[in-house]
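Chains as they are written, first to last, in the numbering used here: chain A, 1 to 252; chain B, 1 to 303.
No lab work stands behind these hints: they were computed from the structure. Accuracy of the hints is not assured; some may be wrong.
Said to hold, decoys possible - Okay, derived cross-link-like pairs now, DSS-like style, lysine-lysine, Cα gap no bigger than 25 Å in a straight line:
1) A/Lys-240 x B/Lys-90
2) B/Lys-91 x A/Lys-2
3) A/Lys-102 x A/Lys-35
4) A/Lys-136 x A/Lys-102
5) B/Lys-208 x A/Lys-240
Said to hold, decoys possible - Footprint (simulated), chain B over chain A, 3 or more residues, beta carbon under 8 Å:
6) 40-50
7) 96-110
8) 206-212
9) 215-222
10) 231-241
Please read these numbers as outputs of a predicted model, since none were measured by experiment. Don't be surprised by glycine CBs; every beta carbon is placed ideally from N, CA and C.
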Amino acid sequence: MKFDVQDCTLVGKYRLTPTIYDFRLKNSQLAEITKPGQFTHVLIPGKTLRRPVSVCDVEGDIIRIVFEIRGDGTRILSECEVGSVINIIAPLGNGFNIPKDKKTVFIGGGIGVPPMLYCAEQAGSNSVVINGFRDKSAVILSEDFKKTGCRLIETTDNGTYGINGFVTDPLKEIIDDIDVIFACGPTPMLKNISILAKAHNKPCFVSLEQRMACGIGACLGCAVGIKKSDGSITYKHVCKDGPVFNSEEVDW
Amino acid sequence: MADLSVNIAGVEFSNPIIAASGTIGFGHEYGELYPLSVFGGISCKGTTLEERLGNPPPRIAETSMGMLNAVGLQNPGAEHFINVELPWLKKQNTVIIANAAGSTENDYCKITELLSDTDVDMIELNISCPNVKAGGAQFGKSPQSVEKITSAVRKYCKKPLIIKLSPNVSDITEVARAAECAGADAVSLINTLTGMRIDINTRRPIIKNVTGGMSGPAVFPVAVRMVYQVKKAVKIPVIGLGGISTWQDAVEMMMAGADAIQIGTVLFTDPYAPIKISEGLHGWLDTHEMKSVTELTGTVITD
Numbered sequence: 001m002k003f004d005v006q007d008c009t010l011v012g013k014y015r016l017t018p019t020i021y022d023f024r025l026k027n028s029q030l031a032e033i034t035k036p037g038q039f040t041h042v043l044i045p046g047k048t049l050r051r052p053v054s055v056c057d058v059e060g061d062i063i064r065i066v067f068e069i070r071g072d073g074t075r076i077l078s079e080c081e082v083g084s085v086i087n088i089i090a091p092l093g094n095g096f097n098i099p100k101d102k103k104t105v106f107i108g109g110g111i112g113v114p115p116m117l118y119c120a121e122q123a124g125s126n127s128v129v130i131n132g133f134r135d136k137s138a139v140i141l142s143e144d145f146k147k148t149g150c151r152l153i154e155t156t157d158n159g160t161y162g163i164n165g166f167v168t169d170p171l172k173e174i175i176d177d178i179d180v181i182f183a184c185g186p187t188p189m190l191k192n193i194s195i196l197a198k199a200h201n202k203p204c205f206v207s208l209e210q211r212m213a214c215g216i217g218a219c220l221g222c223a224v225g226i227k228k229s230d231g232s233i234t235y236k237h238v239c240k241d242g243p244v245f246n247s248e249e250v251d252w
Numbered sequence: 001m002a003d004l005s006v007n008i009a010g011v012e013f014s015n016p017i018i019a020a021s022g023t024i025g026f027g028h029e030y031g032e033l034y035p036l037s038v039f040g041g042i043s044c045k046g047t048t049l050e051e052r053l054g055n056p057p058p059r060i061a062e063t064s065m066g067m068l069n070a071v072g073l074q075n076p077g078a079e080h081f082i083n084v085e086l087p088w089l090k091k092q093n094t095v096i097i098a099n100a101a102g103s104t105e106n107d108y109c110k111i112t113e114l115l116s117d118t119d120v121d122m123i124e125l126n127i128s129c130p131n132v133k134a135g136g137a138q139f140g141k142s143p144q145s146v147e148k149i150t151s152a153v154r155k156y157c158k159k160p161l162i163i164k165l166s167p168n169v170s171d172i173t174e175v176a177r178a179a180e181c182a183g184a185d186a187v188s189l190i191n192t193l194t195g196m197r198i199d200i201n202t203r204r205p206i207i208k209n210v211t212g213g214m215s216g217p218a219v220f221p222v223a224v225r226m227v228y229q230v231k232k233a234v235k236i237p238v239i240g241l242g243g244i245s246t247w248q249d250a251v252e253m254m255m256a257g258a259d260a261i262q263i264g265t266v267l268f269t270d271p272y273a274p275i276k277i278s279e280g281l282h283g284w285l286d287t288h289e290m291k292s293v294t295e296l297t298g299t300v301i302t303d
């Protein structure tokens with residue numbers, strides 16, 4: 001089984017900020033085969049399209065997802081109560097291929113922070129996590145990341161918490177000392193990380209977002225522009241070819 | 001248990017549920033979940049002579065009880081379809097319908113000629129895709145243009161020919177009749193309704209192509225109405241599609257006049273929908289002591 005459509009029980013629900021929720025979904029079959037950087041496609045009661053939500057962590061038979069209320073669908077999801085049944089397609093996408101013996105930096109921006117937790121747990125303690133947030137009120141998962149053993153650096157755009165600046169500011173200082181970059185977050189952030197990685201000749205893998213329908217690679221809805229070796233552009237799909245792409249291939 | 005099999009233009013389907021073109025690709029992904037033989041047939045992704053990249057993203061937007069798409073016929077081209085996809089599809093124990101698209105009449109004739117010499121069971125002519133600049137829906141917009149393209153393609157088509165109709169016309173019965181007169185063996189309807197959404201924060205269309213094709217439960221009543229009208233207007237089989245998401249919808253669509261149905265958008269909501277619809281049809285037929293699903297077709301009472 002590569003993936004399946006299954007019911008999960010919502011066994012834990014936590015509100016991390018006024019708009020960000022942490023859901024614990026119990027399903028041993030799906031949890032067992034879920035890798036870092038993969039995502040779940042969550043059925044929303046009354047909605048035609050599911051919502052893609054990245055996997056934040058897997059603990060035993062629990063898949064943890066952390067999502068932000070962005071619109072009607074995620075609001076409905078946030079109103080599910082503990083004990084309710086949530087139907088997901090999972091695990092989907094390629095995920096991050098995390099080397100054990102490399103010095104790695106994991107970079108998350110905003111709601112791109114959660115998927116980096118499961119990644120950071122797989123890495124050695126000589127790895128670094130850089131998480132960036134809008135301001136202090138948006139900071140999430142600090143304690144969880146500290147437990148991974150990775151060095152944790154946090155930034156806020158306005159300096160109300162951690163380092164004042166963007167994730168690329170501390171990245172510039174450590175980039176010569178690391179082997180590979182993994183990142184998830186807003187497109188402008190990923191683009192800037194990609195530019196920095198290229199300038200320092202470091203491999204960089206980014207997790208992308210796109211409006212999605214089927215989630216499994218059939219409908220070709222969630223296209224992203226990818227550069228071919230001859231320089232021409234083709235379209236690949238976030239759900240099946242991604243969500244993780246080599247940043248050098250992405251047509252920013 | 002009742003017999004779900006149907007015969008459309010001489011082709012035997014094990015059940016009346018066909019996967020709609022563009023929603024299932026070439027079957028590999030949904031084939032990870034269940035044998036593709038749960039479908040009576042599969043209408044493959046719209047295929048053109050040459051590979052097409054499709055439209056720039058975003059290609060998808062949600063609507064109330066539905067969605068818009070503007071994928072724009074992204075496909076690997078006829079050669080790939082014939083050499084790579086078709087041999088695998090033919091082993092899946094389901095009817096394989098090639099969905100043929102193009103930009104010019106010549107394109108449609110050429111691809112139909114190519115597909116006619118393969119193992120595909122039927123050819124569905126896509127003259128109703130609203131998301132491409134040239135061809136597509138322009139051939140499906142009037143009875144005259146439908147008659148012209150159908151006649152032209154008919155000369156090259158050695159397989160049963162289905163014409164897929166656009167709902168974005170003033171009178172779909174005229175268009176269906178034109179297809180029938182020009183030699184179509186069946187019609188399928190409806191393709192998507194052209195729609196648009198705007199992000200009020202950016203004042204930009206959500207879909208990069210500006211407009212997209214609307215599908216999903218919201219279009220179902222429009223599809224039922226059009227199938228009902230077309231069934232009365234033509235003698236050839238009618239394949240009904242547009243927003244079918246439950247077995248009750250399937251029964252309703254067949255009562256309106258469909259000889260078979262296609263499902264598409266519901267696969268995104270519930271990939272297991274074809275199995276549930278099939279079970280539901282069996283249950284309904286058994287409860288009503290009907291021996292064959294064909295007994296449902298066109299049984300709506302309007303007096």
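Hints, verified against the model:
1. For the hint linking A/Lys-240 to B/Lys-90, the alpha-carbon distance of about 24 Å falls within 25 Å, and the restraint holds.
2. About 21 Å separates the Cα atoms of B/Lys-91 and A/Lys-2, which keeps this hinted pair within 25 Å; it holds.
3. Between A/Lys-102 and A/Lys-35, the direct Cα distance comes to roughly 18 Å. Compliance with the 25 Å bound is thereby established for this hinted pair.
4. A C-alpha spacing of about 31 Å is found between A/Lys-136 and A/Lys-102, which places the hinted pair above 25 Å, so the restraint is violated.
5. Between the alpha carbons of B/Lys-208 and A/Lys-240 the distance comes to roughly 21 Å, so the proposed pair stays at or under 25 Å and holds.
6. Figure legend: the segment 40-50 of chain A, annotated as covered by chain B; annotation consistent (5 residues with Cβ-Cβ distances under 8 Å, at least 3 required).
7. Closer than 8 Å: that is the beta-carbon criterion, and the segment 96-110 of chain A has 0 residues meeting it against chain B, so the requirement of 3 is violated.
8. A stretch counts as covered by a chain when three or more of its residues have a beta carbon under 8 Å from one of that chain; for the segment 206-212 of chain A and chain B the count is 3, and the coverage holds.
9. Taking a C-beta to C-beta cut-off of 8 Å, the segment 215-222 of chain A contributes 8 residues in contact with chain B, enough for the three needed, and the coverage statement holds.
10. Restraint check on the segment 231-241 of chain A versus chain B: 4 residues with Cβ-Cβ distances below 8 Å, three needed, restraint holds.
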